[in-house]
Amino acid sequence: VSIATLPAPALPQPRKVRQSPQELLGRSLAILAAVAVAMAVIFAVTPLSGGLGWAICTYAGFVAADAFDNSRSHGKVVAKDRVATVLVCTAGLCTIVPLILIVFYVVKQGLGGVTGAFFTETLESVGPADPASVGGAKHAIIGTFEQVGLATLLATPLGLLTAIHLTESRGRLARVTRVLVDAMSGIPSIVAGLFIFTMFVLKFDQGFSGLAAAMALAVLMLPTVARTAEEVIKLVPDGLRESSLALGAPQWKTVTKIVLPAARSGLVTATVLGVSRIAGETAPLLMTSFGSDGVNTNPLHGAQSSLPLFAFQRVRAALPTQIARGWAGALVLIVLVLSLFTIARAVAARGRKGP
Amino acid sequence: MSDLGLLVEQARPLPEPRRIDPGLTTGDKAFKFLAAAGASSVLVILGLVALFLLVDATPALKTAGFKFLTTFEWNPDGTPAAFGIAAVMYGTTMIAIIGLIVALPIAVGSALFVNEYAPARLGRPLVALLDLLAAVPSLIYGMWGLYYLQPHLNGSSKWLTDHLGFIPFFHTTRPVFGSSMFVAGIVVGLMVLPIVASVTREVLSQAPRAVCEAALALGSSRWGMIRSVILPCGRSGIVGAAMLGLGRALGETIAIALILSFNFRPQTEILAPGGGSVAGLIANNFGEAGEGQRHALVAAGLALFIITLIVNTVARLIVNKTSKGKME
Chain A
1 VSIATLPAPA LPQPRKVRQS PQELLGRSLA ILAAVAVAMA VIFAVTPLSG
51 GLGWAICTYA GFVAADAFDN SRSHGKVVAK DRVATVLVCT AGLCTIVPLI
101 LIVFYVVKQG LGGVTGAFFT ETLESVGPAD PASVGGAKHA IIGTFEQVGL
151 ATLLATPLGL LTAIHLTESR GRLARVTRVL VDAMSGIPSI VAGLFIFTMF
201 VLKFDQGFSG LAAAMALAVL MLPTVARTAE EVIKLVPDGL RESSLALGAP
251 QWKTVTKIVL PAARSGLVTA TVLGVSRIAG ETAPLLMTSF GSDGVNTNPL
301 HGAQSSLPLF AFQRVRAALP TQIARGWAGA LVLIVLVLSL FTIARAVAAR
351 GRKGP
Chain B
1 MSDLGLLVEQ ARPLPEPRRI DPGLTTGDKA FKFLAAAGAS SVLVILGLVA
51 LFLLVDATPA LKTAGFKFLT TFEWNPDGTP AAFGIAAVMY GTTMIAIIGL
101 IVALPIAVGS ALFVNEYAPA RLGRPLVALL DLLAAVPSLI YGMWGLYYLQ
151 PHLNGSSKWL TDHLGFIPFF HTTRPVFGSS MFVAGIVVGL MVLPIVASVT
201 REVLSQAPRA VCEAALALGS SRWGMIRSVI LPCGRSGIVG AAMLGLGRAL
251 GETIAIALIL SFNFRPQTEI LAPGGGSVAG LIANNFGEAG EGQRHALVAA
301 GLALFIITLI VNTVARLIVN KTSKGKME
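From first to last, the protein sequence lines stand for chains A and B.
Quick note: the first sequence, position 74, residue 74 per the numbering used here, numbers continuous.
Quick note: the second sequence, position 74, residue 74 per the numbering used here, numbers continuous.
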């Protein structure tokens with residue numbers, strides 16, 4: 001009898017029921033709305049003003065209020081976690097804002113200038129008073145294709161050989177080279193230009209030319225190609241190499257017939273990434289190809305223009321019509337570079353999935 | 001001996017043993033040589049850069065002597081010629097530091113976001129877009145910074161100097177903003193953001209997963225795990241990433257040349273027009289440079305080359321060490 005009437009042992013506190021993500025989101029949104037309205041009221045009655053200021057104050061107020069709400073219901077640890085989550089997510093999403101702003105602004109400024117004439121005319125007979133619709137960048141487009149093409153011809157073989165050496169052989173040279181390739185990828189582009197200027201333009205007395213520009217661009221392109229190619233060649237399974245060697249193939253045949261074909265799409269990516277790295281370079285061109293207003297199809301001799309140089313010099317001319325031409329050049333350039341980059345990525349993604 | 005006659009039958013001469021030739025085939029020798037030659041092109045090019053810059057800079061370095069590093073003036077064509085990189089080096093450093101202050105927190109945040117918070121569905125496109133940002137040419141950053149960002153930053157600059165003017169850097173006596181180290185620094189920060197973010201992402205993903213799981217199993221929140229495991233493991237890697245960004249920021253040219261209005265004194269007011277940059281100075285003055293000026297500019301370029309080479313190499317060594325050594 002007595003057993004039945006014993007007082008039941010006290011239960012431990014049940015674990016607090018957490019809110020579902022939906023409830024949590026709803027609560028946060030409610031707090032955000034409340035803070036936004038409160039800030040709007042504060043901005044209306046005090047001398048504070050400005051949309052950006054309001055956004056920043058609302059954001060800071062939201063983080064504080066949300067932290068307070070969470071610390072009341074879940075304690076300090078959860079509140080800290082919430083603050084960190086909000087800040088980290090903001091930083092993550094912040095990274096794409098500049099890209100969107102830049103691309104939209106360039107399109108907005110440049111779209112009016114990209115007409116048929118932009119691709120078929122030059123600046124040779126354009127006076128300072130002519131409207132922006134007169135004249136074009138035909139000479140610059142020709143120059144860009146020739147210079148980038150030459151630079152690719154110079155840099156790709158060297159970059160691929162470097163990558164092959166880095167992956168297929170061990171030893172001191174490979175270790176040193178890896179460090180040097182990294183060091184080289186950090187060379188400021190203007191230093192590459194100065195180098196080609198002092199060596200090729202002055203010492204070898206070649207004068208300004210598209211080839212000089214291509215050499216400076218090749219110096220900048222080489223490390224990009226070498227690093228990317230090294231990464232993709234490393235991905236080729238060792239089993240393929242070993243089977244080839246076990247069947248008696250010498251190393252050079254193994255590399256040329258097995259390894260490089262297996263890494264083919266990755267090598268295309270490496271080259272195109274290198275091209276997109278240099279296509280927009282401006283600084284080294286100032287002292288190597290110098291720029292001109294007319295067509296010069298011979299890259300081996302004489303000053304030559306190119307899209308980045310065209311845009312830079314138009315903007316520097318500081319006349320509204322010239323700046324409009326500069327923006328058109330910038331738009332064509334950014335479309336060129338970003339599509340090259342996207343192609344490189346697409347090829348790489350297809351290569352990963354297999355043929 | 002004679003009773004063993006049967007056994008001492010004349011031994012047959014052995015066939016020649018197969019000759020062991022550890023040497024490579026001619027094809028392989030040629031292949032090795034070619035690859036090594038390609039790889040040493042990197043060494044040769046770097047050596048040639050140093051050599052030709054040094055040769056062309058020598059007249060200027062002789063004229064200026066040791067003062068080249070300490071003179072706050074740029075007048076190489078004057079009589080007497082007085083020039084040094086102290087002012088532009090100061091400006092370059094200030095701009096790079098402002099850039100890093102902008103880029104580093106966003107980079108670390110985005111690295112954590114992609115690694116720890118975002119689902120792969122969201123993280124992967126984010127990384128692709130960030131890489132796309134890295135492909136935008138310097139010139140376009142410069143034009144965007146000059147025509148879009150600069151007018152939009154005027155309000156913030158005014159607010160900073162009005163309310164935080166007691167901090168020396170934000171103080172300004174002239175009510176003029178723009179063409180300043182502040183604007184240039186923010187643009188440079190956006191330019192180096194992709195590389196800092198991608199290296200940070202890589203080093204932060206090296207934190208041992210088992211230790212992260214242990215932290216969570218002990219009841220840590222996600223932020224607790226990040227603070228107690230991921231950030232301590234990646235600390236030196238983040239330093240390396242920041243230094244890589246610094247190396248890039250020091251060499252930025254066209255964007256700064258477009259935005260900044262140059263002067264040659266150590267200006268602490270980052271919001272007011274003025275400042276300097278080694279690379280921007282070269283880009284601005286090279287076109288009209290006479291003989292003396294050119295030698296001086298090449299000398300400045302040589303200094304920039306040496307500094308970026310050191311910063312980049314040290315940064316890479318730090319990053320590589322972090323990525324390779326599996327921390328426990």
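In short, the hints are calculated from the structure, not lab data.
A quick note: this is a predicted structure, and the numbers were derived from the prediction, not measured.
Backbone N, C-alpha and C fix where the C-beta goes; we use that ideal spot for every residue, glycine too.
A hint or two may mislead.
Said to hold, decoys possible - If you want the footprint, here are the derived chain B segments under chain A, 3+ residues with CB under 8 angstroms:
(1) 108 to 115
(2) 162 to 169
(3) 265 to 277
To be verified - The calculated label-pair distances, taken between Cβ atoms and stated as ranges, are:
(4) B:K32 x A:S133: 58 to 66 angstroms
(5) B:R121 x A:D238: 50 to 58 angstroms
(6) B:G290 x A:H301: 20 to 28 angstroms
(7) A:L247 x B:I310: 41 to 49 angstroms
(8) B:L34 x A:R350: 50 to 58 angstroms
(9) B:N320 x A:A349: 24 to 32 angstroms
(10) A:T297 x B:P105: 46 to 54 angstroms
(11) B:P105 x A:V45: 43 to 51 angstroms
Unmet hints by their number, sorted upward, for this structure: Of the numbered hints given earlier, those the structure breaks are 2, 3, 5, 8, 11, listed in rising order.
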